[in-house]
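Residue numbers (the working numbering), protein chains in the order written: chain U, 1 to 412; chain W, 1 to 139.
What the hints contain is simulated information worked out from the structure, not anything from laboratory work.
Note that the Cβ used here is the ideal one computed from N, Cα and C, for glycine as well.
Do not rely on the hints blindly, as some may be mistaken.
[Said to hold, decoys possible] Here are the simulated BS3-like pairs of lysine-lysine, each with C-alpha atoms no more than 27 Å apart in a straight line:
no. : chain 1 : residue 1 : chain 2 : residue 2
1   : U       : Lys143    : U       : Lys117
2   : U       : Lys359    : W       : Lys110
3   : U       : Lys402    : W       : Lys23
4   : W       : Lys32     : U       : Lys402
5   : U       : Lys164    : U       : Lys190
6   : U       : Lys409    : W       : Lys32
7   : U       : Lys28     : W       : Lys23
8   : W       : Lys110    : U       : Lys409
9   : U       : Lys84     : U       : Lys98
10  : U       : Lys359    : W       : Lys43
11  : W       : Lys32     : U       : Lys359
12  : W       : Lys110    : U       : Lys28
[Said to hold, decoys possible] Here are some chain W residues the structure puts well away from chain U; computed CB gaps all over 12 Å:
no. : residue
13  : Met21
14  : Glu41
15  : Asn46
16  : Tyr131
17  : Tyr135
Take a look at the letters that make up each chain.
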Amino acid sequence: MSTLVNHTFDVEKLRKDFPILSREVNGKPLIYFDNGATAQKPQSVIDAVNRYYSYENSNIHRGVHTLSQEATSAYEEARRKIQKYIGAQLSEEVLFTKGTTDGINLVAQSFGKHFLKVGDEVVISAMEHHSNIVPWQMICEEKGAKLRIIPIDDQGDLIMDEFKQMLNSKTKLLSITHISNTLGTVNPVKEMIDLAHEKNVPVLIDGAQAVPHQKIDVRALDCDFYAFSMHKMFGPTGVGILYGKKEWLDQLPPYQGGGDMIKTVTFEKTTYNELPHKFEAGTPNIAGGIASAAAVDYLNELDWEAVRAHEKELLDYASDQLKTIEGLRFIGEAKVKASVISFVVEGTHAYDLGVIMDKMGVAVRTGHHCTQPLMERFGILGTVRVSFAFYNTKAEIDTFIKALNRAIKMLR
Amino acid sequence: MSINERQEEVIEEFSMFDDWMDKYEHIISLGKELPLINDAEKKDENLIKGCQSRVWLAADLKEGKVHFTADSDAVITKGIISLMIRVLSDATPAEIAEADLFFVDEIGLKEHLSPTRSNGLVSMIKQMKMYAIAYQTKV
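Use the sequences and the hints to build the structure in full.
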């Protein structure tokens, strides 16, 4: 594992922690600019998965034998590490899920079933990922509640005045993305949480795109729920975290029934287990949970101020280079942006650009990025998206710009 | 010319290209050249929605043979469509329904027919076969 001291940021040294970054794709060195979809894993995370299956594998929370005890300790230790990392007050406020989508569905179903009534309103925004739209549509339809959408301006910023007017006595929940996966917009979530709380409206933050770029602090934010995925923060796939304030989680009914989530079961009546187990039915992704601790260990070693500065440099450098390309239009020019850039190029289709750049070893995302309503807002069908992580470099951006120019030349 | 003979012809044509650049430049030029479909046929009923690119497909039965026209908004997809049409169009419904499209693999474009690409091509081929099967009852 890398150790970073004295605020140095040695990107070449960090890159060595990620074995995949040294492979080739189509005969060219891989340039991985699809970090918004999933981030690469450091060797320590890969080793943790391997070690679990090689030495520790057994089911947790039930066995009396040594292996089960060891696996349970490691899994619960991971929960505590994540708790500390995100600044949660209690470990039972940290629920293991399958991912962000799973966490949002949990809140939509549990909160929705318990609190939503006909005529109530749930507020989301125009820049949400389908994962933060569809679960709300489903529960609102079921309950006769209304989904309200905070509009955005042409730059990709939320129109805050409209949001303020939307909050009323019928508003039951605000569910908003921290950072837009398509536009890179960093939303003023703290301000929104405070505004919502003034009206006694609880807030769920979709943090999927925030966790790779910053260390979050759920207590400083004062959010009621915060959902994210480990795989986007350099951890394993298939594991997510839903943070929820204890006062809310205690009030919510379980989402799924099964093993581990019960206290006693008879055919007449089942009583539920305590937090967090009430929401964790069935054998979880144990390897993933344990390896998540390795990811958190890794991130704890990072100098996040240096990461922020490096990513800002990548964002500005790439944006300046892209500006020189004739007919290129940025989709998303918000005031505060994460290192995510979406664009379209006149006379070309995003799919074609993606296919040709892949041949040159450059991995970008193309399409609607699971934000079709947002695409409609901008009157387009899709974009090319590049999303940087702290291990990306300016030299990679130079190669990407060359590849893009070559692709445009072939296509026009 | 049978469907298999046409496939052999495409394979031979593509054997001239040494590297991917030449090959893709050829596919792009095929995509650009062909006026593939009447605007009137670019209606929603003929639209095959892929996640990445959109494909329109229309079919017509004339004197016992099926004729396809198609289009896409992405030019690489369009180039591959033009090869599909060259191979499958102007054949009998039975020939099309039974066709084994080995040329795609041979010319190294298999990745474009992977469902994960979701460019509409896999659905388009399925739809071409469906038309052929439907027309079999009419000839």
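Here is how each hint holds up against the structure:
no., hint, verdict
1, U:Lys143 x U:Lys117, "6 Å, holds"
2, U:Lys359 x W:Lys110, "14 Å, holds"
3, U:Lys402 x W:Lys23, "20 Å, holds"
4, W:Lys32 x U:Lys402, "23 Å, holds"
5, U:Lys164 x U:Lys190, "14 Å, holds"
6, U:Lys409 x W:Lys32, "14 Å, holds"
7, U:Lys28 x W:Lys23, "18 Å, holds"
8, W:Lys110 x U:Lys409, "24 Å, holds"
9, U:Lys84 x U:Lys98, "20 Å, holds"
10, U:Lys359 x W:Lys43, "33 Å, violated"
11, W:Lys32 x U:Lys359, "20 Å, holds"
12, W:Lys110 x U:Lys28, "20 Å, holds"
13, Met21, "8 Å, violated"
14, Glu41, "19 Å, holds"
15, Asn46, "17 Å, holds"
16, Tyr131, "25 Å, holds"
17, Tyr135, "31 Å, holds"
Violated hints, listed in ascending order, are 10 and 13; each of the other numbered hints is respected by the structure.
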